[in-house]
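Trainee: Residue-level listing of the chains:
There are 4 protein chains.
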Amino acid sequence: MTPGLAELARKVSNWGRWGADDERGTINFITPEVVQRAARCVRRGDVFSLGLEFGPDGPQFGQAGRVNPLHIMTSTSNQMTPDPAGLRYADDVVVMPLQCATQWDSLAHVFYGGQLYNGHSAATLTSSGAARNGIDKMANGIISRGVLLDIARLRGVEAMGPGEVIGPADLEAAERAQGVRAERGDVLLLRTGYMRVFTVYRDRVVYMKQMPGLGVACVEWLHAREVAAVASDTSMVEVWPPEDPAQLFPLHGLCIRDVGLTLGEMFDLEALAADCAADGVWECLFTAPPLRVTGGVGSPLNPLAVK
Amino acid sequence: MTPGLAELARKVSNWGRWGADDERGTINFITPEVVQRAARCVRRGDVFSLGLEFGPDGPQFGQAGRVNPLHIMTSTSNQMTPDPAGLRYADDVVVMPLQCATQWDSLAHVFYGGQLYNGHSAATLTSSGAARNGIDKMANGIISRGVLLDIARLRGVEAMGPGEVIGPADLEAAERAQGVRAERGDVLLLRTGYMRVFTVYRDRVVYMKQMPGLGVACVEWLHAREVAAVASDTSMVEVWPPEDPAQLFPLHGLCIRDVGLTLGEMFDLEALAADCAADGVWECLFTAPPLRVTGGVGSPLNPLAVK
Amino acid sequence: MTPGLAELARKVSNWGRWGADDERGTINFITPEVVQRAARCVRRGDVFSLGLEFGPDGPQFGQAGRVNPLHIMTSTSNQMTPDPAGLRYADDVVVMPLQCATQWDSLAHVFYGGQLYNGHSAATLTSSGAARNGIDKMANGIISRGVLLDIARLRGVEAMGPGEVIGPADLEAAERAQGVRAERGDVLLLRTGYMRVFTVYRDRVVYMKQMPGLGVACVEWLHAREVAAVASDTSMVEVWPPEDPAQLFPLHGLCIRDVGLTLGEMFDLEALAADCAADGVWECLFTAPPLRVTGGVGSPLNPLAVK
Amino acid sequence: MTPGLAELARKVSNWGRWGADDERGTINFITPEVVQRAARCVRRGDVFSLGLEFGPDGPQFGQAGRVNPLHIMTSTSNQMTPDPAGLRYADDVVVMPLQCATQWDSLAHVFYGGQLYNGHSAATLTSSGAARNGIDKMANGIISRGVLLDIARLRGVEAMGPGEVIGPADLEAAERAQGVRAERGDVLLLRTGYMRVFTVYRDRVVYMKQMPGLGVACVEWLHAREVAAVASDTSMVEVWPPEDPAQLFPLHGLCIRDVGLTLGEMFDLEALAADCAADGVWECLFTAPPLRVTGGVGSPLNPLAVK
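Heads up: the sequence lines are chains A, B, C and D, in that order. All letters in the first sequence, in the order written, are residues 1 to 307 by the working numbering. All letters in the second sequence, in the order written, are residues 308 to 614 by the working numbering. All letters in the third sequence, in the order written, are residues 615 to 921 by the working numbering. All letters in the fourth sequence, in the order written, are residues 922 to 1228 by the working numbering.
Don't read these hints as lab results, they were simulated from the structure. Quantities reported herein were computed from a predicted structural model and do not represent experimental measurements. We put the beta carbon where it would ideally sit given N, CA and C, even for glycine. Just so you know, not all the hints are guaranteed correct.
As the list claims (entries may be wrong) - SDA-like cross-link-like pairs, simulated, lysine to any residue; straight-line CA separation at most 25 Å:
1. C/Lys823 <-> B/Ala430
2. C/Lys625 <-> D/Thr1002
3. B/Lys318 <-> B/Glu550
4. C/Lys625 <-> C/Pro782
5. C/Lys823 <-> D/Asp1004
6. C/Lys823 <-> C/Gly781
7. B/Lys516 <-> C/Ser742
8. C/Lys625 <-> C/Glu786
9. C/Lys823 <-> B/Ala429
Said to hold, decoys possible - Which chain B residues stay away from chain C? Per the calculated CB distances, all over 12 Å, these:
10. Trp322
11. Arg351
12. Gln422
13. Ala466
14. Glu479
15. Val487
16. Gln517
17. Ala531
18. Phe556
Let's have the full structure, built from the sequences with the hints guiding it.
Mentor: Dropping the structure here:
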């Protein structure tokens, strides 16, 4: 950490804010009132899946040990009864990195200085899993109001390019242009259009290796706005290559470890964004409950947006 | 199939109802209007997770090849930067049957006569997965109104016993007692209290090997009410040992293959039921999007109920 | 089964030959005397690995649910001591079909008529594995004399072509040309050269989908010679497409289920064959102990030949 | 490293001995002459498996993320032909740590100071596996003469106890008592009897958590004798708890990283030792080829001894 980042870390820290034992971070902003407001966003009853498929054609190409899911059929036609003409069943097993496609990071995913979010010791991460800050600690969430900010649209491009930085001014310009405002407890959905590199142009390597995204200046903005989570259509939410080659992954470090703000990655926002552009309504009921994997560091997801 | 069941199958069949290509069955009942109604069930904004944890202490004990999840940590403290004092990350992989704890069956899970729901050929089930009726075909769902019927409460017991049959009269008695009615597009949540055998008494073998549940007479009732799905706190929804030893798993066969009605299994309804008993409101916004596993026969879940 | 094959099955059956409980079949031919003879084949002390690598570039392309191994690093640099400058270790996990590259079939791999080799019921195959005839029953083997018959060399080709049939006359012609004879207890190593399609031309699909190999007439020959096992450089040992489209996989059915003769597949015989051609000695000490996977249907291998 | 150990490391180092690129270490001692001598150890032709079973009842209990193999049946009765009365097959998949039962460590398993055996950088260990010193580099081995030293027998006990140290004097006393001598290229098989804690008394936790074994003074002895490998009936070969609490795992560090000497763990030597005690012959042909797992850090095994 440079002195600058260390200072920023202190500034945005939420450690202790919800008690010394807290393992949920900014998810705590999702109060019953926030959920009520979220439910009121359902006007037409239209549902959008923001999840990628979990299958052999997923975005992984082996980087950092991440692979696409291996789906093993353990039965295609086993008999359920002694009668061969009777009922039969199919069954299956999956082998997958918990963060191989659309997913939440848990607050145990990234850390430094021997401490996870809220000061929990990094020694709580063992081969048995994350004893603290695991994804299982977010059991009742994440359901809230989703606010989509479409930065690609703001810039008038189909998709932003790799290394293109989004700053607080962009976020606020999008809010103004769209007539919406990210508030306490909201889940911020951030569209760069870069998902199209994978879904339309089918280049998983380019999609995974570099991307547009949030710059480090947004950490204070996210902290000030008190959003519950931020999710984007890239694999890291933050920009890559990084703004400062001497500071790698500053958003991952500061958001997850200091703010206690979870990141949602590889959300497919294309259909939702098109719908929002058409009706001018940029908020939705957002529901993306993580699997309760005991000690899990992340969770695969099928997030839904309802308008 | 006995002649009686074959006759019943014809009677409750929804094949062709949503076109020859349909792979979603009764999920089709969840129209935008149904979703609007569901959203209006959010009054207080309180959220309940209905999911079990996915971990080594799950309900499986090896029956039929199903095991509890194997959670493998691939990193507990790998460096993200060249600096050992810099950011570090944890990462993980899971190996699990897709139906090892709280889960949806897909409409490819059970079949007979060489045909899946809607007449799709059983030959579409291959080692590559379910080409038709897979869980990936339910991408935009399942979000609807949840209606909880608490049969254990109706009978004045903590938990119903193994082999105890629930009939249409029980369902309607519960509706009357609770002042609620399962309607088109609703997800029926059926509490037997039997989950406590696992969660309280920690006997996974008894929990998995026998159970109370729906009798075959309920198939017509579910079909007539046009519910979108039915989920229970047991591992099979239907009663076991079966009513007729010559007819094994009749509900699985008829609901999944003929009605096109998906089953949700091992939903933990205890906290939700207690809340409903306390405030007398037995409906909720229910959201349980399956993972989009390509060709998956089922999906692990963390279903949420919001009141 | 056509009547012809059924008659052949009766003729070559070894059921009961080693007692009603036998689960090892022709491996029983490997007596201590045979092992002594095998050891005497070591003249120079040169060792040849006949195994393919188990890795992402293996021969599988997803056919019949078989995939190449997924190798997961669970540690690349974990500390073994409290001192960061002290010992560190790497560790790993593999996920793989037991028959994904060089391997033995067990006598539980193929069956018909509800019975495995020696009359054991097919019902002994459950989701817990093969209770009878599993690969774990071959714990002390397979070590014997290896006799290499090079049919590609006999025919003067680099590699035989797909669908090219090897008959008993070819085997005997190769024996005469090479001055060697497969006898009781030997492991027959059969070279077609077709392995080069995978190892040299890198076409895994062509390599796996069709191949030269033994014709059905060889079953009696193998039975009469009382070899302990037969292994080849193709993925099935037998020819494909088959000689008779109405009889698929006759060698798998007859050898494994009736003769009790295990098949070794995807053995890389190139270096060994070149050496044998150079020195004119076509026998070796052959050692290929299967992993003792409890109830395993097959086993991955690294077979060694020593001359 | 204490200064004493660092000095010892320099003394026993084989770095550069077989060239700067060497990745095989003391396996290089297995020359053709050594293999010839090994083959001459086959007198009666009796074969002993030294491998444990790979299954759910294996020795692992979750320590350090190691679990027993998960064996998944992907077919118990799938049709191989269109005819339901025709051939059927069973097939399976295994998920397992490569070091979960009887196994070889590779020379990439343990390291310090940023360097593996022979000076290869620890940075060659990535999520893709071990690019240097992996188990795949031992493809042609390990086949050699096995020399069994039975320390439990020497001490007149059924099994040595946890923490009991074996020193060079013990090894030489056993050699004298047994009339055998470990020489260049031999594989030293070291019996403590402690395997019985697992195989007879079925206590996997005691078996894995502490054990008798080699003391640090044996490193020089092993280096001087130029054995190719050393294998024992415990999970670590070296004694635990350690001789000096300030020096954890000194044998793993020095043997694997400095000597380039691979360790074989959890070898079941009971039947072989009983046979040797009976006939007074303590040498055998030893064959234990590792699976060629690309970049593997270790390999599961079924080692054979032939007398």
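Trainee: Is the nearest CB of chain C more than 12 Å from the CB of B/Ala531?
Mentor: Consistent with the label, B/Ala531 stays out of reach of chain C, its closest Cβ about 37 Å off (over 12 Å).
Trainee: Does the claim that B/Val487 lies outside the interface with chain C hold up, using a Cβ gap greater than 12 Å?
Mentor: Nearest chain C Cβ is 40 Å from B/Val487, so the label holds.
Trainee: Checking one constraint from the list: CA of C/Lys823 to CA of D/Asp1004, max 25 Å. Satisfied?
Mentor: Distance ~21 Å between C/Lys823 and D/Asp1004 Cα, so the pair holds.
Trainee: Does B/Trp322 really sit off the interface, with its C-beta more than 12 Å from all C-beta atoms of chain C?
Mentor: 29 Å, holds
Trainee: Can we confirm that no CB of chain C comes within 12 Å of the CB of B/Glu479?
Mentor: At about 39 Å from chain C, B/Glu479 clears the 12 Å cut-off, so the statement holds.
Trainee: Checking a non-interface call: every C-beta of chain C should be farther than 12 Å from the C-beta of B/Gln517. Is that right?
Mentor: Correct as stated: the minimum Cβ-Cβ distance to chain C is 19 Å, above 12 Å.
Trainee: For the pair we were handed, C/Lys625 and D/Thr1002, check the Cα-Cα distance against 25 Å.
Mentor: Holds, at about 23 Å.
Trainee: Report holds if the minimum CB distance from B/Phe556 to chain C is greater than 12 Å, and violated otherwise.
Mentor: Given that every Cβ of chain C is farther than 12 Å from that of B/Phe556, nearest at about 17 Å, it holds.
Trainee: Would you assess whether B/Gln422, listed as outside the interface, keeps its beta-carbon beyond 12 Å of every beta-carbon in chain C?
Mentor: 22 Å, holds
Trainee: Are the Cα atoms of C/Lys823 and B/Ala430 separated by 25 Å or less?
Mentor: Distance ~20 Å between C/Lys823 and B/Ala430 Cα, so the pair holds.
Trainee: Was B/Ala466 rightly flagged as not at the interface, with every chain C Cβ beyond 12 Å?
Mentor: B/Ala466 clear of chain C: closest Cβ-Cβ about 28 Å, beyond 12 Å.
Trainee: Given the hinted pair C/Lys823 and C/Gly781, is their Cα-Cα distance within 25 Å?
Mentor: 21 Å, holds
Checked against the numbered hints above, the structure violates none of them.
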